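Chains A and D are the protein sequences, given in the same order.
Just so we're aligned, residue 1 is where the first sequence starts under the UniProt record's numbering, counting upward by one.
Just so we're aligned, residue 1 is where the second sequence starts under the UniProt record's numbering, counting upward by one.
In case anyone wonders, no lab produced these hints; they're calculated from the structure.
Model, not experiment: these values are computed from the prediction.
Just so you know, not all the hints are guaranteed correct.
[To be verified] Below, computed lysine-lysine pairings styled on DSSO-like, alpha-carbon distance capped at 27 Å: (1) D/K223 <-> D/K257; (2) D/K102 <-> A/K102; (3) A/K242 <-> D/K257; (4) D/K47 <-> A/K294; (5) D/K102 <-> A/K120.
2 protein chains.
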Amino acid sequence: MKLTILGCHSATPRTNTNPTSQVLEIKNHMFLIDCGEGTQVELRRNKIKFSRIKHVFVSHLHGDHYYGLIGLVSTFTLLTRETPLHIYGPKGLKEVITLQLKLSDSWTNYPLVFHELTSKESELIYEDDKVEVHTIPLDHRIYTNGFLFKEKENERKLDINAVLNANISVAYYRKLKQGADVENEDGVLIKNETVTTSPIPSKSYAFCSDTVYNETIIPLIKKATALYHEATFLEKNKDLCKRTKHCTAKQAAIIAKKANVANLILGHFSTRYNGYDDFESEAKQEFDNVFLAKDGKVFEF
Amino acid sequence: MKLTILGCHSATPRTNTNPTSQVLEIKNHMFLIDCGEGTQVELRRNKIKFSRIKHVFVSHLHGDHYYGLIGLVSTFTLLTRETPLHIYGPKGLKEVITLQLKLSDSWTNYPLVFHELTSKESELIYEDDKVEVHTIPLDHRIYTNGFLFKEKENERKLDINAVLNANISVAYYRKLKQGADVENEDGVLIKNETVTTSPIPSKSYAFCSDTVYNETIIPLIKKATALYHEATFLEKNKDLCKRTKHCTAKQAAIIAKKANVANLILGHFSTRYNGYDDFESEAKQEFDNVFLAKDGKVFEF
Chain A
1 MKLTILGCHS ATPRTNTNPT SQVLEIKNHM FLIDCGEGTQ VELRRNKIKF SRIKHVFVSH
61 LHGDHYYGLI GLVSTFTLLT RETPLHIYGP KGLKEVITLQ LKLSDSWTNY PLVFHELTSK
121 ESELIYEDDK VEVHTIPLDH RIYTNGFLFK EKENERKLDI NAVLNANISV AYYRKLKQGA
181 DVENEDGVLI KNETVTTSPI PSKSYAFCSD TVYNETIIPL IKKATALYHE ATFLEKNKDL
241 CKRTKHCTAK QAAIIAKKAN VANLILGHFS TRYNGYDDFE SEAKQEFDNV FLAKDGKVFE
301 F
Chain D
1 MKLTILGCHS ATPRTNTNPT SQVLEIKNHM FLIDCGEGTQ VELRRNKIKF SRIKHVFVSH
61 LHGDHYYGLI GLVSTFTLLT RETPLHIYGP KGLKEVITLQ LKLSDSWTNY PLVFHELTSK
121 ESELIYEDDK VEVHTIPLDH RIYTNGFLFK EKENERKLDI NAVLNANISV AYYRKLKQGA
181 DVENEDGVLI KNETVTTSPI PSKSYAFCSD TVYNETIIPL IKKATALYHE ATFLEKNKDL
241 CKRTKHCTAK QAAIIAKKAN VANLILGHFS TRYNGYDDFE SEAKQEFDNV FLAKDGKVFE
301 F
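With the hints as constraints, model all of the structure from the sequences given.
Spelled out as structure tokens, the structure:
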């Protein structure tokens with residue numbers, strides 16, 4: 001599981017800071033998460049092949065999370081893309097993208113498939129044989145979702161000596177990996193756990209931005225391999241959180257601790273600060289495995 | 001008159017090329033012309049104060065000419081701007097900008113004034129005591145205008161010796177500068193041209209992008225101090241011009257020659273080329289004063 005941060009700053013793009021966008025590589029997918037202005041340039045800078053992006057997840061319709069999407073959609077057209085692009089995001093996204101295509105008297109030469117979100121409950125919005133994506137309803141100034149990307153449970157591992165000793169036909173190995181008990185060549189029922197071992201734990205990534213401190217997300221992100229949680233402010237500016245519906249680094253860390261995640265990545269930093277070391281130290285008072293997002297940084301889990 | 005090129009490339013932004021945008025400083029105005037994705041960052045990079053921009057002129061609704069506008073409008077809000085922003089561009093621009101503001105459940109805290117264009121004839125769209133802005137109808141795939149920025153005629157200069165010899169009252173100097181004949185202290189009518197000299201020639205800048213080769217613009221841009229004309233292709237790719245409704249460098253130079261402008265700036269280069277020297281040499285076969293636009297380059301006239 002590999003996460004590339006294209007942008008991790010709030011509000012407006014500057015010469016040295018990009019608004020929110022990231023790419024999660026998981027089970028051969030390249031999921032684009034949020035798409036602030038300039039995302040297509042950051043994708044190029046980070047040498048991520050446009051053609052590998054087939055799904056875009058948009059948290060909410062504040063500009064720093066999606067103003068780059070129409071440019072990316074248009075560029076895909078100019079590059080004569082044919083592969084469908086699936087866009088998951090709040091209701092309204094389809095209208096604004098299609099209006100801009102209409103005004104330019106053009107359409108994509110590839111299928112553009114919108115999956116508009118309106119539910120305030122967590123939903124399964126994407127699924128294949130290897131991965132699931134669920135929404136994480138967040139509490140921000142407008143309708144907002146985080147996203148939980150989960151590898152499906154891996155297959156159990158055969159204890160090959162035990163399997164051979166138990167005299168099980170090769171034809172049943174598949175069933176064993178899926179966790180079933182099987183009959184051996186002598187007609188005896190063999191309990192699965194006696195001939196297999198636990199699967200490699202499946203990984204998960206929770207993206208939670210933007211949101212006010214909100215404990216209701218904890219059951220949804222429980223034990224995630226990595227949690228990206230917004231930390232727009234430091235505790236010294238906590239008074240700004242209530243009005244803007246953002247979090248401090250400390251609050252993000254408390255969520256990480258309560259959800260018992262393995263790793264916490266902080267991002268969506270306000271550009272009012274000159275550096276972000278204080279975000280790390282503030283969060284580490286609550287939680288150990290804290291990392292700071294940085295434009296262009298790659299995390300591998 | 002000072003022109004700063006923020007971006008001069010066609011189609012999609014890349015790590016080292018920006019789509020169309022430029023700032024014209026004329027008679028204390030800072031006119032923003034077109035606003036491709038990333039314009040707000042290029043404004044910062046070129047140290048142009050956001051607060052000085054009060055008028056934005058959008059040629060047409062292809063993304064490489066306006067996808068950066070909504071980001072700029074939003075950033076002005078975050079920076080608590082109060083000064084009105086006037087936006088001149090094709091019908092539809094208001095709908096797309098206001099839809100995005102509505103979806104983010106926000107509005108600007110400054111007046112946003114749209115001047116939507118629909119005419120196929122040249123129009124005077126802005127005027128004050130020093131400057132006029134006229135549209136230049138262009139022929140592109142969708143409704144497109146260039147813009148002519150003109151200083152108003154300067155005042156005639158007094159030939160102070162001649163004025164004193166003619167025994168004219170100081171009270172009439174203003175009228176003389178404005179070109180009127182006046183009576184002197186002895187009641188004799190003094191012809192204006194005997195006591196004044198021609199004014200400093202007023203300057204003008206014509207922005208023409210995007211367009212196919214189109215001689216109907218020539219009377220509108222006649223004798224401009226500077227003409228920015230699109231030159232998307234070289235003659236060797238001339239076959240692409242007809243379908244895409246763009247020009248070659250040579251065609252731009254022919255327009256410059258026929259319009260008898262003082263200087264020609266070429267831009268809107270296709271990113272298919274590795275360098276742009278051939279654009280200059282191709283154009284110079286038709287016209288001498290050719291300059292190449294370049295992101296970040298400043299022209300003073």
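Results for each hint:
About 10 Å separates the Cα atoms of D/K223 and D/K257, which keeps this hinted pair within 27 Å; it holds. For a cut-off of 27 Å, the pair hint linking D/K102 to A/K102 stands: about 19 Å separates their Cα positions. Taking the CA atoms of A/K242 and D/K257, the gap is near 62 Å; set against the 27 Å cutoff, the hint is violated. The hinted pair formed by D/K47 and A/K294 meets the criterion: a straight-line CA distance of about 25 Å does not exceed 27 Å.
Distance restraint check for D/K102 and A/K120: the Cα-Cα separation of roughly 20 Å lies within the 27 Å cut-off, and the hinted pair is therefore satisfied.
In summary, the one numbered hint that this structure violates is 3.
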